[in-house]
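*Asks:* If you read the sequence shown in our numbering, its first letter stands for residue 8, the second for the next number, and so on.
Note that these hints are calculated values from the structure, not bench results.
Bear in mind that the values here come from a model prediction, so they are computed numbers and not experimental data.
Be careful, since some hints might not be right.
Just the calculated beta-carbon pair ranges, DEER-fashion [claimed, not checked]:
#1 Tyr79 / Thr30: 44 to 52 Å
#2 Pro78 / Pro10: 54 to 62 Å
#3 Leu118 / Leu92: 39 to 47 Å
#4 Tyr79 / Asn28: 14 to 22 Å
#5 Tyr104 / Ser49: 28 to 36 Å
#6 Ala115 / Phe34: 20 to 28 Å
#7 Asn116 / Asn28: 47 to 55 Å
#8 Ala46 / Leu98: 20 to 28 Å
#9 Leu118 / Gln18: 30 to 38 Å
#10 Thr32 / Ile85: 32 to 40 Å
Backbone N, C-alpha and C fix where the C-beta goes; we use that ideal spot for every residue, glycine too.
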Amino acid sequence: AIPYIGTDLVQWIWGGFSVDNATLTRFFTLHFLLPFIVAASSLVHILFLHQSGANNPLGISSQIDKVPFHPYFTFKDIVGFIVMLSTLVFLSLINPYLLGDPDNFIPANPLVTPPH
């Protein structure tokens, strides 16, 4: 996308254009850590937004717009999480292959490229 620094960017981020151990390690590390970074950023954003309200350059009081964290809302979220998690665990224990991909059960053939 950026022709002048594209080569340097690929060298710095991925370790080169060829797929080798360094490239895969960086790729898997990035894709493992990125959801945690997004979740932590969202949590910090929501926490500060609920504590101080939205900041505005005009200096108008935003006390009216603040929504407190009520214990019932927290309890409702915890119960919803437990219900969804228990449903997923129950589904996985009763029929573990229900959400799987049927292509996972095709015998491997090293002479044929799989469709993608």
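*Asks:* Confirm or reject each hint.
*Replies:* Tested hints:
1. Tyr79 / Thr30: 44 to 52 Å: Holds: the Cβ-Cβ distance is about 49 Å, inside 44 to 52 Å.
2. Pro78 / Pro10: 54 to 62 Å: Given about 55 Å between the Cβ atoms, the range holds.
3. Leu118 / Leu92: 39 to 47 Å: Check passed, 43 Å falls within 39 to 47 Å.
4. Tyr79 / Asn28: 14 to 22 Å: violated (51 Å)
5. Tyr104 / Ser49: 28 to 36 Å: Cβ of Tyr104 to Cβ of Ser49: about 33 Å, so the range 28 to 36 Å holds.
6. Ala115 / Phe34: 20 to 28 Å: holds (23 Å)
7. Asn116 / Asn28: 47 to 55 Å: The hint (47 to 55 Å, Cβ to Cβ) is violated, given that Asn116 and Asn28 are roughly 26 Å apart.
8. Ala46 / Leu98: 20 to 28 Å: The hint (20 to 28 Å, Cβ to Cβ) holds, given that Ala46 and Leu98 are roughly 24 Å apart.
9. Leu118 / Gln18: 30 to 38 Å: Hint holds: Cβ distance 35 Å, inside 30 to 38 Å.
10. Thr32 / Ile85: 32 to 40 Å: holds (37 Å)
Hints 4, 7 from the earlier list are contradicted by this structure; the remaining hints agree with it.
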